[in-house]
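Colleague: What follows is the residue order along each chain.
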Amino acid sequence: GAGVSQSPRYKVAKRGQDVALRCDPISGHVSLFWYQQALGQGPEFLTYFQNEAQLDKSGLPSDRFFAERPEGSVSTLKIQRTQQEDSAVYLCASSLLVALQETQYFGPGTRLLVL
Amino acid sequence: LAKTTQPISMDSYEGQEVNITCSHNNIATNDYITWYQQFPSQGPRFIIQGYKTKVTNEVASLFIPADRKSSTLSLPRVSLSDTAVYYCLVGARDDKIIFGKGTRLHILP
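If you're matching them up, the sequences are chains A and B in order. Counting in my numbering, the first sequence runs from 2 upward without gaps. Counting in my numbering, the second sequence runs from 1013 upward without gaps.
These are calculated hints, taken from the structure and not from any lab test. Please note that the accuracy of each hint is not assured.
Computed from the model, here is a short list of chain B residues facing chain A with C-beta under 10 angstroms [claimed, not checked]: (1) Tyr1044; (2) Gly1103; (3) Ile1110; (4) Gly1112.
Note that the Cβ used here is the ideal one computed from N, Cα and C, for glycine as well.
Using the sequences and the accompanying hints, generate a full structural model.
Modeller: Here it is, written out as structure tokens:
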């Protein structure tokens, strides 16, 4: 079966440009997570959805970051007015159940470079 | 949320058994211990999860002593393809799990 997919895999943006990153979770997975991973660091939590409900967005770095999952499946992470410090890999993960210690299945990530 | 401490990096040779130990002194009663593996340019991949004693699957073993204040991931007979970053995670709080910096394992021929 298909795993978690993310698109685009690579994105180069000029500073100030808006970007949208897409995540297709495994079909039927209730929970969806977004992480940001800087070079040489572990993934850092950004936000969490249970179906279409965004239960936690405490990890979003600023109000320029916005995530949605309107139908409880595909999710989009939008970054407005990108800055150089937004350059990172953005990882999406999904899990079958709602328990947070359930196995998370990660996508390959979107590598964002802001010039 | 239990803080974890694991070595920054380790080197080993093909065919050896590799043990990576993670300390988590303030683990809570309901916390599970989970290990993920991450290759370059890929997302993390679940390896193993345990609560106490020993858990074994086709990839690794996880040893957890009775006090649960540490855990050891054991990789038998490693190969070059086991070169990766290994993350130890303990518990979850407030709708999130926390990845640390992980252990960079480098397997040499």
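Colleague: All the hints need checking, so say for each whether the structure fits it.
Modeller: Right, here's what the structure says about each hint:
1. This hint holds: Tyr1044(B) has a C-beta 5 angstroms from the nearest C-beta of chain A, less than the 10 angstroms allowed.
2. Look at Gly1103(B): its Cβ gets to within about 7 angstroms of chain A, closer than 10 angstroms, so that hint holds up.
3. Taking 10 angstroms as the C-beta contact cut-off toward chain A, the hint placing Ile1110(B) at the interface holds, the least distance being around 7 angstroms.
4. With 10 angstroms as the threshold, the beta carbon of Gly1112(B) comes within range of chain A, its nearest partner Cβ sitting at about 5 angstroms, so the hint holds.
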